[in-house]
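Asks: Below, each chain spelled out in residue letters.
Number of protein chains: 2
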Amino acid sequence: MGRKSTTRRIGIADVALRAGVSHATVSRVMNGNFTVDPAIAERVREAAAELNYQPNPVGRSLALGKTDTIGIVVPDLANPTFQAILRGLSMAAAQDGYRVLIADSSEVSSEEAILAGEARRRCDGLVLCAPRMGDAELEELAPSLHPMVLINRSTTETRVPSLMVDYGQGIQELAEHLVELGHSRIVFLSGPERSASNALRVQGLEKFKAGHPDVEVQLIDGGSNFDTGHDAVDAVLASGGTGILAFNDLVAMGLLSGLHERGVRVPEDISVTGFDDIPFARYTTPPLTTAAVPITELGGQAWHSLRALIRNEDTPNAVNTFRPQVEVRGSTGPSKNR
Amino acid sequence: MGRKSTTRRIGIADVALRAGVSHATVSRVMNGNFTVDPAIAERVREAAAELNYQPNPVGRSLALGKTDTIGIVVPDLANPTFQAILRGLSMAAAQDGYRVLIADSSEVSSEEAILAGEARRRCDGLVLCAPRMGDAELEELAPSLHPMVLINRSTTETRVPSLMVDYGQGIQELAEHLVELGHSRIVFLSGPERSASNALRVQGLEKFKAGHPDVEVQLIDGGSNFDTGHDAVDAVLASGGTGILAFNDLVAMGLLSGLHERGVRVPEDISVTGFDDIPFARYTTPPLTTAAVPITELGGQAWHSLRALIRNEDTPNAVNTFRPQVEVRGSTGPSKNR
DNA sequence: TCAGGCTGAGAAAGCGTTTTCTCACAGCGT
DNA sequence: ACGCTGTGAGAAAACGCTTTCTCAGCCTGA
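Same order as they appear, the protein sequences are chains U and P.
Each residue of the first sequence is one higher than the last, beginning at 8 in this note's numbering.
Each residue of the second sequence is one higher than the last, beginning at 8 in this note's numbering.
Hints are computed from structural coordinates only; laboratory data are not their basis.
Ideal placement from N, C-alpha and C gives every residue a C-beta, glycine not left out.
A couple of the hints might just be wrong.
Just so you have them, the derived chain P footprint on chain U, three or more residues with Cβ under 8 Å [unchecked claim]:
#1 125–135
#2 329–343
Looking from chain P toward chain U, a few residues come up when the C-beta cut is under 7 Å (computed) [said to hold, decoys possible]:
#3 P64
#4 L69
#5 K73
#6 L84
#7 N86
#8 R94
#9 I109
#10 D111
#11 V115
#12 V186
#13 Q210
#14 Q225
#15 M260
#16 F287
#17 Y290
#18 T292
Full structure from sequences and hints, please.
Replies: The following block contains the structure:
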């Protein structure tokens, strides 16, 4: 049966042996420590190259107490918003030589806590998107997860920066836009009940209502995906509203599709807005009026905040707010009841 | 200034001390080894709970020689196809307690090799999507990356399973579909030049041409995203083709949007097909006829193949082919020149 | 009663690095 | 010529865990 197993992975010892030096010296050379005689250093580099030696990251991690990896917890990897955050985060982190470990909690809020803990222990830091987690639990968990940055959540733990999108502001501006077009019956197709960002939208609408007593604002319960929008067509038509604020672009696209099937014209009969400005929003027919959230940029900012924390730099602003920007496209137009 | 630093992370030694036992015993208890006296085990568990002890994964990884993590290299995280693979992979791996580390090569083929190596060293296995990497380089790299599974690539290294989508078959069926609708001038909006999957499509079309000498098939160079499709409108109109096979759904959607701007009706004037059946495909107007690739399932299959490799089980089928399924929707219709 | 076999837990040896500690040797000044 | 400083490299400890090795103590059977 011959040799025991497949050729064992080559390690620092092999290089040391081949170069005729000690482990320590090899390590020094590999890490660019200049207290090594150039001739010896060269010999080590040669040996390393010949053996095609690459330091074992696990060993390094243990010795250095860092993994050069960060974790991100997302509630649903199928959602373009989180995909974009992940992307922005990953790109930015890669610039600094960090990798990203992903943990998808599948919208199960009880999983969020466990996954976050596990991910955190494997990584040097954490980005937490946990829209469903209760405030109390978040508060309790926060210290043990440091360094961490929160997306669309905040905590009293001062060391934890928050990156927030001002959904309230965004939805108000969209509503304003509809009012300017002459709409006086507005419907908000609301998102998941326990979603923190949905709550912000609802709050924004309350403010809006206060400033526009003449405008009727209805609320229809819903979710956060295509089907939600598609299935809401009947309710929307029954409401008599002419300006529809969908929870996000996905819901808006579902609604658009449903309205199209019914022969309802957009924006002639009904105006529809989305939220997020996902890449697809500009390619719907008609192109979707929405509030653009610079979400990839937010992912990048998440990394910069986290990096500051990891490096133990001062964290200038604990909460960083991103303002959505209304993008007027073809899905909104003058009210025919004006 | 008081104490040195923030309270050091608690480790196995602390638990051992508190429970009045040795490191070894704590380890045994934590790993469910039953050769420990139940009373002592209970004491250890108590101590662990009180201290809220969680084993350090890096230490474990070093001792056990495994990380319970797999890596995936993708060329572009912005592409829905890779997002879906990532998602399927991540969900499936999570079922078995594995996490996923992502590496985005940003379409730079030289990065692919380096990233793959780095990711592999940190993980127990690798899923490689490297459509741009040269065959020779892949061949050379493959052994050092084992265990690994390839997506849409293959290698002579027998230990490396491949998961392939039969793009050639899919594009043929789409072309057939157009022919059945009476189209005799077909245009293929081709993908990135060095893309392996694009080559498969082109091969498929060659076969198709052989079987349909009467049908004219043109090729227009392009890319793989929205803009490609949008920018190709002029070339498409100039070609005189009435049935357009877009490289993928993104290109098709861009094209749809561009045609709409020009007032060209789909499918009355021109029929358009996509490829992949991304979630958005059914919500375009008109809904996109495309070839559905069970891509999330492919991600899941990737995990199962990789798991078999990691566990050193027999690998039954080295190459696993997924057949796309034509989904006829509204973007294709009878040719007006029939 | 005592040898031999089990059982269960501590001691210690890894796992693959980095880094501190230590020391040999060369070079310098007096 | 001798001690002192400084340089460069090896020895060994540390990182936090798992697992083998070892051995004390008990139990069984002759």
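Asks: Hints first: check each against the structure and report whether it holds.
Replies: Outcome of the hint check:
{"no.": "1", "hint": "125–135", "in the structure": "holds (count 4)"}
{"no.": "2", "hint": "329–343", "in the structure": "violated (count 0)"}
{"no.": "3", "hint": "P64", "in the structure": "holds (5 Å)"}
{"no.": "4", "hint": "L69", "in the structure": "holds (5 Å)"}
{"no.": "5", "hint": "K73", "in the structure": "violated (9 Å)"}
{"no.": "6", "hint": "L84", "in the structure": "holds (5 Å)"}
{"no.": "7", "hint": "N86", "in the structure": "violated (10 Å)"}
{"no.": "8", "hint": "R94", "in the structure": "holds (5 Å)"}
{"no.": "9", "hint": "I109", "in the structure": "holds (5 Å)"}
{"no.": "10", "hint": "D111", "in the structure": "holds (5 Å)"}
{"no.": "11", "hint": "V115", "in the structure": "violated (11 Å)"}
{"no.": "12", "hint": "V186", "in the structure": "violated (27 Å)"}
{"no.": "13", "hint": "Q210", "in the structure": "violated (30 Å)"}
{"no.": "14", "hint": "Q225", "in the structure": "violated (24 Å)"}
{"no.": "15", "hint": "M260", "in the structure": "holds (5 Å)"}
{"no.": "16", "hint": "F287", "in the structure": "holds (5 Å)"}
{"no.": "17", "hint": "Y290", "in the structure": "holds (5 Å)"}
{"no.": "18", "hint": "T292", "in the structure": "holds (4 Å)"}
Hints 2, 5, 7, 11, 12, 13 and 14 from the list above are not met by this structure, while the remaining hints are.
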